[in-house]
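Asks: Protein chains in written order, with our numbering: chain A, 1 to 248; chain Y, 1001 to 1270; chain W, 2001 to 2286.
Bear in mind the hints are in silico, worked out from the structure with no lab data behind them.
Quantities reported herein were computed from a predicted structural model and do not represent experimental measurements.
Fair warning: there could be bad hints in the mix.
Stated by the list, open to error - If we take Cβ atoms under 8 Å as the criterion, some of the chain W residues that face chain A in the derived model are:
# : residue
1 : P2062
2 : M2064
3 : F2094
4 : F2106
5 : V2261
All C-beta atoms in this analysis are idealised placements derived from N, C-alpha and C, irrespective of residue type, glycine included.
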Amino acid sequence: MMWLSGGFVFRRGTSAYHKLDPRVKLLISALMFVTTLLVRTIYELAAVLAFFLVVAAIATVLKRVARTMVFTLMFSAFIFVVNVVFTRNVETSVLYAVRFVAIVVSTSLFFITTSPDELEQVMKTFRLPRDVVFAFVTAVRFIPVMMLDTIQIMDAQKSRGLELDKGNIFRRVRNMIPVLIPLVVNSVVRSGELAEAMESRAYGAVPKPTSLVEYHTSARDKAVAVAAVVAFALGAYSFYFILPTQLL
Amino acid sequence: MIEFREVSFVHQNGVKALDGVSLRIESGETVAVVGENGAGKTTLVKQVTGLLKPTSGSVLVDGEDTKSTSTAKLSRKVGVAFQNPDHQLFSESVEEEMAFALRNFGFAPAVVQQRVAWGLELFGLEEYRKSSPLVLSGGEKKRLTLACILAWDPDVVILDEPTVGQDSIQKEKLVGTIGMLRSAGKTVVVVSHDIEFLWPVQPRVVVMKSGRVVGDGPARTLMLERGLLETARVVQPQLVELYQGLKRRPEEPFVDPLEARRWVEEAAGR
Amino acid sequence: MRGGDMADILEIDGLSFRYPDSPKRAVEDFQLTVPEGEIVVLAGPSGCGKSTLLRAVNGLIPHMYGGDYSGDVKVGGASVKESGMRDLAQRVGFLFQNPENQIFMFTVERDVAFGLENLGVSRGDMRERVDEAMRLLGITDLALRAPHELSDGQKQRVALAGVLAMRPKLVILDEPTSLLDPKTAAELVGLVARLRKELGTTFVVVEHRLDLLVKVADRLVVMSEGRKVLEGTPSEVLFGDEAEGYGVAVPAVTRVQKMLVRDGFIPRGGLLTPEELAVAAGGQGP
């Protein structure tokens, strides 16, 4: 749970990166993602990952991203093992494992610097239906609330003698039931209350709702976007065409 | 029984919720912890069963430091009724719900049966024995959570904001329940921002503000300190306000309306 | 303030409603008229049908919840049954009991604008109305905050601002003080009184904690098992003999006052605060 909250929950920031148009932030993360797929040797991947961390540092979120990386190592170790067992190729297995970490880093960077409002803006740009966008944004808005609920439920059940950190894996999973059921029930009740509130504030009254805030893309945003594409193109070219021939 | 020794607690986000709290609650006492929302009352409660551990200082329950034992063990002695029953009800039936804690605490099946039956009867929930706890009304759910706690017979019962969302009939029943717990020799701690409903119980009152204990004494005298209550944003019980407004009055404020009326009329007759 | 056009903002005429899976009617032959600008308190024990009644006023019944519906409810002259939610949302505002579950957006000001966005209000008008609503509720400095960072009292003000931004003539508050401590609750009640004065809005408030509201309310209506059982000014109802029988929380000081009046000790009069009663009963203390 710490991994999820540390790596993907938005927190306000004041860096220039945070202030970028969310579509540009999405572009950057998407390009990062593709880059990790194009890279073919472990050295290049390490360089790319280092570059990601530099970007994270510029965005002042290095500590969080680094911590997410550490937590992700557990999963990537698992990927490494599976690959080694099936392909018997240590080098590519390491590559896949580290690639996984790099993918998580690039995605994490996007989510921790982009607020739910900005996510909404991005989704609207992609012309997703209003209901989908609204459901998503509302769900994200309630993530901190649900996290708090989970803690309170665990507190209540611990106070009835439930020991959450004892026993083998099966016991532990079974012990989650008294936590999961109230959580689910509360979510269902919450949805009902939200629906009432939505109706009472005329949701769906008009096919094209207006918006309080307007988003403009500044010249800086455009410049950064162009720079990102150029950097990507150069990187892709060198990784794909130049470096492999050099190594061979 | 419960002792706080210079307890401070700082949340992960840096907010100091408790600041040097020292407090002793003896066995059999009835204590009301009052203060505005955010004064640290719930944080205080969570320290007792180890749900939160002090950043500095220590909390002792029956001589045992909460840092060296588990919440489950502490809960065997200290039953906490949290504010929201929907944060704990999950079983298929009311009787299963009541058996949950008993089983966790290791009671034998025969004893579990016995205690479940006793609890259901005491709280008038016998008719719902096989029903799902989730379909009960709000008031019934609150009674159920209380029944669950009393079934395992803890020495201490802590009620966290028990009157939130309750109507006057339910509040009266609650006062009755507190009286029952008292006569059973239990230590009762009620955390509430609503002192009015507790006034007839005449508990010892601990006033909290910004994580500190700013007042501690019997209700009858502490509720007279207007300045203190103002600072802590605690509202005086109406009968106390009435008492303080009278030119001639008895030594101590009225506990109930009848007493008030009797005194006023007698005083005028003299 | 009030005066001039005293049209009835709310008319409930013989309303009865039964939920589909329930054998009993939740509301039974309910009758009530509320003139514009009043503050009406609706009290009664849990389960007496208050929630159902409120939903019949703002249109959730019958538009969101179907069932056996007879009688009529009119808001500002328009029949609730026959108007759509779009129209009703602009006539009746509803502040639900749990402030958390009626705030959708990640930023306060966007949530206040939510209803207006849904109605397709132009950006300029929207900005003005959102700013006005935030100013009225004293939350302008919270405009860019996220809801989960706010206290319960603040969240409630945000939700109320969102309701007021739609400029309804009638606002329903469902147990607004249940999560608040007494001081904050008193502040909310003061706010409601001020809003009524400034905007002329009519308020229907469901509440258990009557001691806070009796001073500002014009009328107290008591419900029991779906029916209206008592109605009158707060003093009329609380001084009556039946109030306690219906589970109405008669404030302690009012009980004393009632007894003293009955014994002929003090004259009849309006509801007195503890201080006022102290004066009436025997002089001024420190």
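Asks: Against this structure, judge whether each hint is valid.
Replies: We went through each hint and held it up to the structure:
no.: 1; hint: P2062; verdict: violated, 12 Å
no.: 2; hint: M2064; verdict: holds, 5 Å
no.: 3; hint: F2094; verdict: holds, 5 Å
no.: 4; hint: F2106; verdict: holds, 4 Å
no.: 5; hint: V2261; verdict: violated, 43 Å
In the structure shown, a violation is registered for the earlier hints numbered 1 and 5, in ascending order.
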